[in-house]
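Chains as they are written, first to last, in numbering that gives the first Met the number 0: chain C, 0 to 355; chain D, 0 to 312.
No lab work stands behind these hints, which were simulated from the structure alone.
Please read all numbers here as calculations on a predicted model, not as lab measurements.
Heads up, some of the hints might be wrong.
Derived pair list, reagent style BS3-like, types lysine-lysine, alpha-carbon separation capped at 30 Å [said to hold, decoys possible]:
#1 D/Lys202 <-> D/Lys5
#2 D/Lys202 <-> D/Lys309
#3 D/Lys241 <-> C/Lys48
#4 C/Lys48 <-> D/Lys5
#5 D/Lys309 <-> D/Lys5
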Amino acid sequence: MTREETPGVRDIAVVAFAQTDVLRTTDELSEVEMLMPVLHSVLDRTGLKTADIGFTCSGSCDYLAGRAFSFTLALDGVGAWPPISESHVETDGAWALYEAWTKLLTGDADTALVYSYGKSSPGSLRDVLTRQLDPYYVAPLWPDSVALAALQAQALIDAGEADESALASIGTRSRRVATLNSHAQLRGTVAQGDYAVRPLRTGDCPPVGDGAAAVILAAGERARELCSRPAWIRGIDHRVEAHSLGVRDLTDSPSTRLAAERAGAFERPVDTAELHAPFSAQEIVLRKALRLDDSVRVNLSGGALAANPMMAAGLIRIGEAAARIHRGESDRALAHATSGPCLQQNLVAVLEGDAR
Amino acid sequence: MPEVLKAPLVIEFPFTRSLGPVQSAFLTGLRERVVLGVKTTDDRTLVPPVEYDPVTAEELHDLVEVAATGTVTTWAWNHAPRRGQPLATPFAWVLVRLDGADTALLHALDAPGPGAVHTGMRVRIRWAEERTGAITDIACFEPHDGGPAELTGTTGEFTDPVTGIVAPARLDYTYSPGRAQSAYIEALATRRTVGERCPSCRKVYVPPRGACPTCGVPTAEQVEVGPRGTVTTFCIVNIKAKNLDIEVPYVYAHIALDGAGLALHGRISGIPYDQVRMGLRVEPVWTDDARYPDHYRPTGEPDADYDAYKELL
Ligand SMILES: [Zn+2]
């Protein structure tokens, strides 16, 4: 929803963002050891201590860790000591940010710490992600995340909206601009590679990596105290597609379009967009759904094709968009996060800096 | 810094799921070599069938048979099949709209190579020889040169319907506990217990996890604690757990090792269960080749003062 639809509510902004370097493996670190530096980095940017935070919300996934309630151990990193007000989502941290945003809207808290993390290195990510599929008709066939993305890419090719070279150019551009992003896992020239699952080549697929991200939200005047140019959340919304892939038009993302509309993305043009498109073909689908033309700077961070830490990559999109506003490099930015196979769930946030 | 430990971790579970009326009819149909879809109120036929309309959320129940032949709506060539997938040889993942259906079903297509597959190609179901009422009763699809197969005329009413599935899952991990817990486990191998001191509140955490949960700061300073400790609280267990080779009743206790900022848990033995008490001084008892103390026994020292451990309860 947008703020305009709910008059009288408070302005809420992203006031700080931090992320780890995304690495193929971090097995010398436990989750909390990987997370701790990023939590301190984001707090340092505002001068806040964990005890000053009004609400804490995290995103992660037990299937990555292979352990039930794995997020409770990571809570050690935020001083999870009563009377902390805390919550967790079993998905990307972008959805944890949505929960924190609603919490701040209620007025129960003035600041929120949102963090998320994923270590994909302990398991086989392609197999792990099969467990999020329909358990009756789909999961028993073990179709992996790359296979399902490949079906979507072929649908796009059949529809005449892409060909293999158009797909390749998306990965190439993402990794080229990622040379300016020291946190990205794949930077510079990367071979397009062999077919992973045809028509997708390895260059069309995201690297598998471990990483974490954290964001601080603040309401009203508190945001101005903590950040010289807060990234105000003008609207944020998330929507979901039908469960079964065979019911959906894989060349389109109506849920992204609806979330964007409800977040107010189409009211005025954006200058910057951070899209969570783990597979090259998905960027084409998202650009179409979000009506982004060449005047919009898309994924200057390199996006998910350069670094896709599970459960953090969506939150990183919001953080990257906000950081550009903080630095004065953007005035109105769109951030998108996805979860599930073939863009199943989609979240869109619209961020703005104060007029200059 | 000691080497960080790693070990294989296998998660295996047979997930038992019950079926609703529509899923039950569909999976029973597969067992009988019949494919059923479900009608929506605007006359679309969904295959595989679901109990609620994905657009309107209306409840659906009108079953209708569709053909075992259909058309590929999109595909992807899988040259390296993975564990659990329908075929062990290279195959195509396909979405197939069965003749009579308006939506597509995901499955595998057995074909000689990617050159033999295209969107729009005709395919038919290859049934598994043994069928139990599961999506895997469809072994895969195979190329089909022709029109729709004839329907069997099944109504969707079956004797002995399938009411549930068991979906086995297995995931393999290489688990690493990270730096702090590796150091703890390495020390246990030499029968020592080490914790980490918080630089802020000075509390010593055992086992250490690399962070102080109270202050939210990293911990690094290693501190050896114990081996003796104090019972801070306890309970008497009267129910024998499956696969546990300990006679009941026995005592399970929280034990604050000397120098530790919080209590570990362990079993108390070497004293009648009804004589265990708060403040009892204990020490670990190791058995051969054990990786942690088997239990704790009284040291014979006088009990600790309540004030000495009340912060650790
Ligand atoms: Zn502390």
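**Study point:** Structure versus earlier hints - violations, ascending order
**Key:** 3, 4, 5
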